[in-house]
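Asker: Work out the full structure, taking the sequences as your base and the hints as a guide.
Residue numbers for the sequence shown follow the UniProt record's numbering, beginning at 1 and rising by one.
Hints were generated in silico from the structure; no laboratory data involved. Be aware that one or more of the hints could be misleading.
Unchecked claim - Taking CB as the label site, the calculated pair distances span:
id : residue 1 : residue 2 : range
1  : V16       : E108      : 41 to 51 Å
2  : G171      : I65       : 51 to 61 Å
3  : R71       : G40       : 32 to 42 Å
4  : P119      : F70       : 35 to 45 Å
5  : Y76       : G36       : 33 to 43 Å
6  : A21       : G112      : 42 to 52 Å
7  : T26       : S56       : 46 to 56 Å
8  : A168      : G72       : 22 to 32 Å
9  : A2        : A46       : 24 to 34 Å
10 : E108      : A21       : 42 to 52 Å
As the structure is a prediction and not an experimental result, all values here were calculated from the model. We put the beta carbon where it would ideally sit given N, CA and C, even for glycine.
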Amino acid sequence: RALSLSRLAYDMESLVSPMLAAALLTVISFHWLFGGTVIGFLCSAALVVSVRIPQSRAVEIASGIYAKTFRGISIYLRTPRLLGLLGLNLSAAAASSMVIVNTVVYVENKLGRPSSDVPFALAAFGFGSMLMALLLPRLLDQRPDRPAMLFGSSLMAVALCAGSILSAIGGPSEWPAFLVTWFVIGLGYSMTLTPSG
1 RALSLSRLAY DMESLVSPML AAALLTVISF HWLFGGTVIG FLCSAALVVS VRIPQSRAVE
61 IASGIYAKTF RGISIYLRTP RLLGLLGLNL SAAAASSMVI VNTVVYVENK LGRPSSDVPF
121 ALAAFGFGSM LMALLLPRLL DQRPDRPAML FGSSLMAVAL CAGSILSAIG GPSEWPAFLV
181 TWFVIGLGYS MTLTPSG
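Answerer: So, in structure tokens, the structure goes:
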């Protein structure tokens, strides 16, 4: 439940922040907005610095720079559950990079829509992710997390393949199909990443 709420907060922040910034820019200049952002970052830094981390006992490990560098990677790659998680994270990274990198290009160049439609496309992805973050705790009460994460990864792959086919076909329904594709990728993204933390 905490991971779902964390995912929901992350997605809400990415949706609300641009809207809040746009609303503030109607009343104040961007210089004041950036000044407020600086103050916010400084306050956040002060909060982080004020937290006291408990001391832990140092553990002696191999001392060479290469040994230290590759120790964590080798542990990660030798642990079967973590290796599977790496694959799931790679699938989520591939799908989300399509959304992050290609949304503007696709909406403006392929679909010929105005740049004001880009936020709607990104919001479709965000709403899919938030909806799944809300539904996931109940789903994981009934099913184990591993099949849900695998299904989420598969859902992203199917959505990307279907989106490619719909893009090749084109037509007047391409914009709504694009929004649905981004929404479904958001569902799969949240389903894949939220249970893993």
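Asker: Each of the hints needs a verdict: does it hold here or not?
Answerer: Evaluated hints:
1. V16 x E108: 41 to 51 Å: Because 24 Å falls outside the window, the suggested range is violated.
2. G171 x I65: 51 to 61 Å: holds, 57 Å
3. R71 x G40: 32 to 42 Å: Roughly 37 Å apart at Cβ, these two residues keep to the hinted range, so it holds.
4. P119 x F70: 35 to 45 Å: holds, 42 Å
5. Y76 x G36: 33 to 43 Å: For G36 against Y76, whose Cβ atoms are near 40 Å apart, the range 33 to 43 Å holds.
6. A21 x G112: 42 to 52 Å: The hint (42 to 52 Å, Cβ to Cβ) is violated, given that A21 and G112 are roughly 27 Å apart.
7. T26 x S56: 46 to 56 Å: holds, 49 Å
8. A168 x G72: 22 to 32 Å: violated, 43 Å
9. A2 x A46: 24 to 34 Å: At roughly 25 Å between Cβ atoms, A46 and A2 fall inside 24 to 34 Å, so the hint holds.
10. E108 x A21: 42 to 52 Å: violated, 21 Å
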